[in-house]
Amino acid sequence: MPDTTDTPAPEEPHAGSGHATGGARGEPVSLDAPQFAVAARHPRRAEGAAAVSFFLSFLSFAAFGAAYWQAAPNDVLGISLGVGFAAFGVALVTWGKYLMPRGPFEEPRPQMATTPQERAEFVGDFASRGKVAIERRGALAKLMGAAGAVLGIVALFPLVRSLGPKPNGSMYHTKWRKGSRLTSIDGRAVALDDIEVGGIITVFPENDVGGALSQTVLIRVQQTGDVVTGPGKETWGPHGYLAFSKVCTHAGCPVGLYQELTHQLLCPCHQSLFDVDTGATPVFGPAPRPLPQLPLYVDSKGYLRAQAGFDEPIGPGFWYRGGSNGSPQ
Amino acid sequence: MIDKLFGWVDDRLALSRSGRHLINKIFPDHWSFMIGEIALYSFIVLLLTGVFLTLYFVPSGSDVVYHGVYAPLRGQRISEAYNSTVNLSFQVRGGLLMRQMHHWAANIFVGSIVVHMLRVFFTGAFRRPREANWMIGTTLLILAIFNGFLGYSLPDDLISGTGIRIAFSITESIPFVGTYLGFFLFGGQYPGTAIIPRFFILHVLVLPLVILGLLAGHLGMLVKHKHAQFPGRGARNDNVVGSPLWPTYAAKAGGFFFLTTGVTALLGAAVQINPIWQYGQYYPYKVSYAVQPDWYMGFLDGALRVMPAWELHLPGHMIPNVFFPAILLPGITFTLLMLYPFIEAKLTGDVAEHHLLDRPRDRPVRTAFGVATFAFYFVLFGASATDVLANYLSLTLNFVLWAFRIMAIVVPFIVFAVTYKLCKELQQTPSAGKRQQFNLILRSADGGYTTVPAEQYPGYDQPELAPVDVEKVELTADAAQQDGDEGVYEIPRRYR
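Protein chains in written order, with our numbering: chain U, 1 to 329; chain C, 1 to 496.
Treat the hints with caution; some may be incorrect.
Restricting the straight-line Cα-Cα distance to at most 25 Å, the calculated cross-link-like pairs of lysine-lysine (BS3-like) are [as the list claims (entries may be wrong)]:
1. U/Lys-175 with C/Lys-25
2. U/Lys-97 with C/Lys-286
3. C/Lys-226 with U/Lys-131
4. U/Lys-97 with C/Lys-472
5. U/Lys-233 with U/Lys-175
Here chain C is said to cover these stretches of chain U; the calculated rule only asks that three of the stretch's residues, wherever they fall, bring their Cβ under 8 Å from a Cβ of chain C [as the list claims (entries may be wrong)]:
6. 98–110
7. 209–222
These are computed hints drawn from the structure, not numbers from a lab. These figures come from a predicted structure and were not determined experimentally. Glycine residues also receive a C-beta, built at the ideal position from the N, C-alpha and C atoms.
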């Protein structure tokens, strides 16, 4: 049983009208009221705990200083600083929670809504002065409005004209052209025998190595013969080579993972899966369109080149990507 | 000396008048009111550690060759942003700690905002007169998420670069203006030339300023309205019951700030976060496996994954796939969130001022709706790990994806029904969650036993007291004499 000798009898928690001490609402309260007693059952213990905690924080902050001076590793720095802050916080919270008046206290709260009279006075003042100062100067008000409106429109110019170029045609083309050499990231032109069956590398046109939009995956799916992925693409895959835009048609990530056994390309961002043999058509995940295919040929010296650029915009969709081949109408 | 200085200032600014009001402000003593404070304190930690980081971070995409102490990167061509982030992590004293604290504080910031918002939602604290403050809070959540994204995009590492690429795709998916927006934001076709300096200035100046301004409004309204409170202990609609700002809450809340900072520092010390030197420099043609954004972007990533492969084709135009999960879904979500106080008032017809909070079970429809909505986003959050889960559970990706697609639709309904039922059941047990009075078994002198309920609640040797008006405290002659300084209240000896 807790010791109850010094505390008044318990009260109903929901008794709104009866106050234990201090009389009725609004009357003065003496500091002798039990609400001013400290909250702790054993104030000495709470004080001791807070003192220990402050001392610990004192030591930790000192340790942090020493650690910083000696260029200690991250964990020593952080633990000394963290323990210092945390102990300081524990001490302060202990102080506030256990060694201060336990309450409860209250303060009155006015209703937020104003009275009709308050509102009428405010609106009246505002409107009557406005009448004198503004309504009689209608032309001035209109001119001010016109000048402000022009400023508002003009202020948009730097936003729309300086931040960046207009898209124009750049959404529809990459740097791949007729005759572009397939070039690896280290700048070497890719020759016919560079990749074995099942191999994959990322290639660029020779004038845009590393380009974010012209990045293309080159896959060798078989040793010989043209790979045909669809009608009209009979000559696009010479000697077992296929090339597709590496920019995912879903959200633009590089489609970087090739599963050799199933001939599938996987985008690691949202797991769209493309079937290489049928022209990188999406077979799984959120990608809505195939990866555009780059038509290839082998030149007289045995290097791989592009027959033309991509025949549709690469990458994710956008508002102006209309029509069957994606060109603007 | 201090008296004189205070007198001088007081004569010119009338501090005593407003100051008395301020130190008497009452804070309700309930733990759930501290969650919002965590958000505030982690924002302060963000500002302090962030200033440190700006001293060393170079917001530039230009090429440099790495010559620092981290051997695996030596000799590589990397961007200044990446270079300076690696250098401030390894070569600036305390740099890694500040960076990790900053990143942890950002996660805690958004997390505590979300939990704070759940508290406000489920207890009905958003009702009149606090609707506008709810909207400010929602805006702060959106800005916190945006600024978190901008922040972790700055180091130009492989994972954040992939995130920026997705952000460009999402921007250009917006009908009519998307492509233009993307070009203006990035300074041209992806990857553009300007993204790191622009993200930087948005991250360290523009958004923090907006957040600070809204925060001032949020707290200003809080002072104006005063705290909402749970019923009980004499709490009514026209008062606030709790402890005063001075000295109790100054100590409690001040201490809580140091605790939050301390925990952040310990996390920054002991739990590695975003080790960008392991990811490597971002190149547009490189990608890593199992790429995930920070947790607060998880629901977006999950939504992108579970969205079926649909696009809307219009004559000459299209609405791309990513528009639906990444623009439309958050757009609808945050609009509904903003307008929720008005929607509920409309549906219930309750437009009165409320300062007393609800117990969630007493509002079963709101509670069930809230939990169901949260469950939907939690499923989307889980869906951002489809590939990791498939790997870990040895299931096919196909199975996991379809499981999440179905769960995203089914789970909210189940959760709604279960929560509604639970609320109704809890309403039938009015004493649930309350401390029970215990019984005393007494033996009388002649050996008879009687059972009487004890007056005290177990572990509660102090009785419930009625609140006293903090402004009506009268100094007793004793106390005033003992202290010899009028205006300071003295705790009588027997309570010390």
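Going through the hints against the structure:
1. U/Lys-175 with C/Lys-25: violated, 66 Å
2. U/Lys-97 with C/Lys-286: Between U/Lys-97 and C/Lys-286 the Cα gap is close to 54 Å, so the pair fails against 25 Å, i.e. violated.
3. C/Lys-226 with U/Lys-131: Violated. C/Lys-226 to U/Lys-131 sits at ~37 Å, over the 25 Å cutoff.
4. U/Lys-97 with C/Lys-472: holds, 22 Å
5. U/Lys-233 with U/Lys-175: The hint holds at about 21 Å.
6. 98–110: holds (count 11)
7. 209–222: holds (count 5)
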